[in-house]
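J.: Here's the letter readout for the chains.
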Amino acid sequence: MGYSGFQIIKEGLFGQKGWKPLWRDPAPKARYDAIIIGGGGHGLATAYYLAREHGLTNIAVLEKGHIGGGNIGRNTTIVRANYFLPGNQEFYSHSLKLWEGMEQDLNYNVMHSQRGLINLFHSDGQRDAFVRRGNAMINQGDDAILLDREGVRSHLPYLDFDNGRFPIYGGLYHPRGGTARHDAVAWGYARGADQRGVDLIQNCEVTGIDIENGVVTGVQTTRGAIRARKVGIVTAGRSGQVAAMAGMRLPIESHVLQAFVTEGLKPVIDHVVSFGMGHFYISQSDKGGLVFGGDLDFYASYAARGNLPMAEHVMEAAMTLMPMIGKARVLRSWGGIMDMTPDGSPIIDTTPTKGLFIDCGWCYGGFKAVPASGFAFAHLMATGQPHATAAKFRLDRFRTGVGLMDEEGTGSQHNLH
Amino acid sequence: MARLIALGAFGDLLPLQTGDVTCTEVMRETLFCVAPYRGQHKAVSAALKAQLGLSLPAAGRRKIAGDAICQWIGHDAWVVSAPVMLDGLAAVSDQSDGYAALDVAGAGVEAVLARLIPLDLRSTTFKVNHTARSLLGHVPVSITRTGAQAFEVMVMRSMAASLVHDLQVAMSGLARRGSA
Amino acid sequence: MRLRNPGQTVTFSFDGKPVQGVPGEPVAAALLASGIRLMGRSFKYHRPRGVLTAGSEEPNALVTVGRGAAQDPNQRATMVEVSEGLEVFSQNAWPSLRHDALAVNDLLSPFLGAGFYYKTFMWPASFWERLYEPVIRRAAGLGRLSGKANADLYEKAFAFCDLLVIGAGPAGLMAALTAGRAGVDVILADEDSAMGGRLLREVEDVDGRPAALWVADVLAQLRALPNVRLMPRTTVTGAYDQGTYGALERIVGADAPGECFWRIVAKRSVLCAGALERSIAFPDNDRPGIMLAGAVRAYVTRWGVAPGRSVTVFGNNDDAHRTARDLAAAGIKIAGLIDARADLAVSADYPVFTGGSVTATAGRLGLTSITVTHQGGTRVIQTDCLAVSGGWNPSVHLTCHMNGRPQWREDIAAFVPTPDAIPGMAVAGACHGVFDTQGCLRDGAEVAAAIARDLGFAPEVTLPVAEARAYAIAPFWETPGKGRKWVDLQNDVTTKDIAISAQENMRSVEHMKRYTTQGMAPDQGKSSNVLALAVLADLTGRGIPETGTTTFRPPFVPVSIAAMGAGGQGKGFAPTRLMTSHHASVAARAPMIEAGLWYRPSYFPLEGDVSWRQSCDREVNYVRNVVGVCDVSTLGKIDVQGPDAAPLLDFVYTNRMSTLKVGRVRYGLMLREDGFVMDDGTAARLGPDHFVITTTTAAAGQVMRHLEFARQVLRPDLDARIVSVTDHWAQFAVAGPRAQVLLNTVLDEQITDEDWPFMACGAVGIGGVAGRLFRISFSGETAYEIAVPARYGESLFRQLVAQARTLGGGPYGLEALNVLRIEKGLLTHAELHGRTTAYDLGLAGMVSVQKDCIGQAAARRPGLVDPMRERLVGLRAVEEGRRLTAGAHLFAKDAKAVTANDQGYVTSACYSPTLDCYLGLAFVKNGPERYGEVIRMVDHLRGVDTLAEVCHPVFFDPEGGRARG
Amino acid sequence: MRINCPHCGERDRREFYYMGDAVAVTRPAPDAGPDAWDDYLHNRDNPAGDTRDLWYHEAGCGAWIVVARNTLTHAVHGATLAQKAAS
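Residue numbers (our numbering), protein chains in the order written: chain A, 1 to 417; chain B, 1 to 180; chain C, 1 to 965; chain D, 1 to 87.
Some hints could be false.
What the hints assert, rightly or not - Residues from chain D shown here face chain C by an in silico Cβ test under 10 angstroms; the list is partial:
| # | residue |
| --- | --- |
| 1 | Arg13 |
| 2 | Met19 |
| 3 | Asp21 |
| 4 | Pro28 |
| 5 | Pro30 |
| 6 | Ala32 |
| 7 | Pro34 |
| 8 | Trp64 |
| 9 | Ala75 |
If you're looking for bench data, these hints aren't it; they were derived computationally from the structure. Quick reminder that beta carbons are idealized off the backbone N, C-alpha and C, glycines included.
Start from the sequences, fold in the hints, and give me the full structure.
T.: Structure below.
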């Protein structure tokens, strides 16, 4: 059924009895044309674009828990296209364009809010690095504006301009950056895929990948064997375990990244603000909660929860940057499992097994990538060729050193991102 | 020819007193870092015993004999408070001005330090002449219990002002609570 | 209405109106005592709401306390303690709490059910940011921040103990007493202002005395034990790894810090957090005056406040009867007792309706009547307070913080903790599913005794005598029939919303939560989760255990950012490092700027200077023509000693250091193991087994860590020792044609070019002080760095500057330093930005292939030696008056400035007073092959679009004759 | 999280720097070839369970240590000096 304001009024008048399920709960079939392992944001988007762009509808998404239960449901909801290295640039630029049409495309309001993102800098050197980034964004056709100190003040008057540990020199303003309602993105893609015939199969854990003579033939699951000639792995923090079923060892370490939300407050922070010097970023949700986070906890973990030192560090950064939020109260903290690559950039590629594809390594930036990742991975699975926007996300780039994308400049080694 | 004037690390920031806790600068003319070479631990300990009257203490301990101090300062390393000759036995680095040190003492001293240092400093576990490397706030320090209600804190000289600032905030918060 | 003489009272205000209260009692109690039931408005529909509970789980009575910078929103009226002059305000209502304009939302509620916003507001697309979202945002949110910077002191602290007892009710008190008497080092933390838990809130006896007296006696015993620490007003907020707990202490006192966030490390802990009562879903169950039964008893018994004049009680368990009995005994009129259970025989002095339920309520701003449907029919009862008990939920929250999932217990119709969900944590009392006082006392004592024995103590268990009774409950979640039955009072979620969710296949409990927002409000579902689960389970035909629960995550109660971030405000976020010349530079009016944790002078203005450029140009000229002095103490200085010091340096530097002669210095390059450049610096050989190496300011810590890694982990075969001596030495660059002249004014023995050639180093005396001298140059001029122990740093700096001024030179700051090094094509972290290789920097020749070093193998990867890589070049502006800017991108002369044409970027740029033009350093594809090419430089952000000539990166004195002297 | 330093005893995580999988201890020979170096630098077992990883007691004694740890539960089983583990 189509969603609209008219439908809302109609259902309101008739007791909400007409709403249909957003997706079916089909039993798994014995065979599909393609299987996607992982019902998170990237997996659901892949299924949607396989169906919509490539007409591939005899496909299934296998999810061991409930769909949208991974990192798509526990991130800080930021959407941006402010990368500067070849490979990332074109990909995130494409992703932002897909975001901008997503609601009409999916007929689902994901509350994509282009409220603007401001990255602060605190020295001449940082300013120059952000200028390089901003110019790259404009070269790519995206938007960036250099703000001086007064420019930042006009947008963010509540920052501590006088006493903070690191003085605010200015900011790089990305007006098209913003946020979206994370769960809604998963639900929107799931509904869109289901409407096109994709089987979304929940509570179905993959326990093995069947390979014959170097060619994938299907998967073993807790709900039986399923055959397919194409299998895509899109399992984020769990990529290592699933890839191991196919005998692969990935350049991935899984780390925990914490995030925090406060009680609801009347509107006070209108942008997404990023304080790189203190590893802190924040925005305010439409419900009023301040949503914020910082750096990784920096140890390999699958526990989906963090520890106090990083939580405290994040709060201290908040206090030095914007002490007006001191009396906001943190309501909930959580941790996502980040699939970290050595250079901090993702992988969308074929594997040594024919018919087996992998999409992983989203580090702490997977949310904004959901549409373009799904789009590019669907293209790769359908055609066997990388999509132009994701051609540099190669699995072998670490071995060869060709096309490393170390946006932070900290190095292409695991502990450095 | 130059005439150089020596200045203390804390300037006029010390002494400091708030509530029942006081901070005073510890003046030490010399301080050397001693890092025994491989297999020379015993030889270094013997040489120090001969020269200072102090052997190398275990990890996390300080020894004192008269004015002389020998204190564990980290992995494979100790500091001694007087010049020593250990040629071929240990790396010796002059750190006389690398560290600044202060005494913090008084009835509320454990409560002040508990606001800053992630260590179990209870007198039952951290006794007199126990020493540890840790953080005070965000400042790396070496802390030693020198008495029932007294500690010495060593800090890299360039961070002396930050150390005093953090102590001052903790002392004032405690004083403002009344009895804690 | 107060039931007893309150004694001393104070006056506080609620929405500006004065209210009398007893010092220390919660605001909610004082408001109830004054007959004020309307305390807040709900989140979505702005429904009138009163207080529901008597604890931190309160979903309705959220208030703002204070004004100005002290304005503190979203405080629970059940937790804020009354004091003289306290200002309390209602929130989420306009223009007033009684007449709230947005209550109109309630009329629209048929259209605003679960998830409605996902289905609309999509057309036209641009209206979301322009219209819909701003309207939604303004309507959403609860309290309001002041917008002013925090002006209060918050604290953090650490505590250590053997046993942390969480909660000081009957179980917690007995646990602390049993362990404490045995000699265990105990911390007893409780979130209430007074310890005792429900013993202060119930009418019962312990050991033959009123429970409150027994509590007072136990607390006195605990206070007398030196190994027991009592922490009232302290809520344990989170359980973390290895026995670490977060706890939030509220501190009272006018001048005291507001809150303290504790990190408590405990060998063992016992959770005695009690249980939280739950409500029942019946139509309009959210009116002010409808409260949980246990809370009603608490207000009556502990604070002597009657929440109503005519109270009805509704429940599905024996607590309903206790409530009626205790209230009646306190002299409060009981208008009726409704028990959902049919097969009960009860005789009482008030009407009892068995098999009954509440099927309607009335009263716009406060309850006036209820409709009861029971075995005998339907009846309307006039009442201003309805006490509801749907049963008790053990406070399992902390046991879920490490992903533990609680287990359903059918006999008490509640979830209890999974054993060992938190390593080292035991559970006792009501949160363990033990609901009678005697059982709680015993459980607390026995659990603590077992822990004490584990820790090597010999505890004795002495149990007091108290009430023991079975807890009888018949699950009853929802009354049948129509009407809005509220489940999550904070987020306005009804049973209907849960039904819509199930209908749309949002049937996983996580989907239901996220779709309806049930459990996502400030109480995190404390008052609604189990009820919501039960409703969902009924709708889907699954049992409650099968339906499962959502996860509780830290913190247990909301924690202010100011408390958890205490110490971070202002300069406290990171330590400050000061050079010995700091005060002298400040006295010279030099702007001090951050360099990592350090502060360094930007430039030294003179009287009459109108811009920084004027100062900077002058300082460059000092160095090029006379002499300049610059404090370079921030560079990392590391002592490397030992028989294998040289081989260790060979292993960490790309070039060979073992061939360096004693008394000489060599430039060195370090790679990360991934093959990219990490840092550069110098190595000076002071003796056969003794080097001192320098690092850049920014990378000092990283290099130290890296060297220790190389020494301890990769090459434990090498016998070398590493010590940072950065802070011991104050070090000053003295640079320029007259550098030697200047130095000779301070040195004990005169130096000459013959004794001190370029790249020499050694010991010198300065006024009898033992120092070190290095003839090295970061400016391309004849230059030295002179080092003295830090205590003499300021003194030497002042003398060097004074002598330099006499010679016609002076001090120079970071700006001039940057210009000088760009003129010479020397590198900083603008170029060593982590993505560049030795090859990119034109330093491939420095990577020795005769030996192994860190990074060498990875640096050979094809992608790192591709000629098409962007490589270092110089840029010289060719258009008169047009500047070069760092961060600009480069394109072929006639190409469009788009990504596809990108040829590289500028890393550093400056105006060179020496060469009178703009210079830049840049990375350009195939760079060194393009010298002489005119290239287009575009800086969209700064509006610069100009041409520049690609050239060798050393602009000035390319032969280097000046530095060699 | 608390980690047992062989020198200092149990200490708060905030005193430590994390390096990653203890594979870093076994550095290949310079000429071991691209695959060996790729495995050393990049490819990881990334276990969901017991692991050994390298930590540096940066704000403590300055020792590099190998910690036996569980990535699912964060349980710490023990730690040794990396110097000993390596030699």
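J.: Could you run down the list of hints and mark each one as holding or not?
T.: Do the hints match the structure? See the list:
1. Arg13: holds, 8 angstroms
2. Met19: Since the shortest Cβ distance to chain C is 7 angstroms, the answer is holds.
3. Asp21: Constraint on Asp21/D not satisfied, violated at 13 angstroms.
4. Pro28: holds, 7 angstroms
5. Pro30: holds, 4 angstroms
6. Ala32: holds, 7 angstroms
7. Pro34: holds, 7 angstroms
8. Trp64: Trp64/D check passes; min Cβ-Cβ to chain C is 5 angstroms, inside 10 angstroms.
9. Ala75: Nearest chain C Cβ about 7 angstroms off; hint holds.
Violated hint: 3 only; the structure is consistent with all others.
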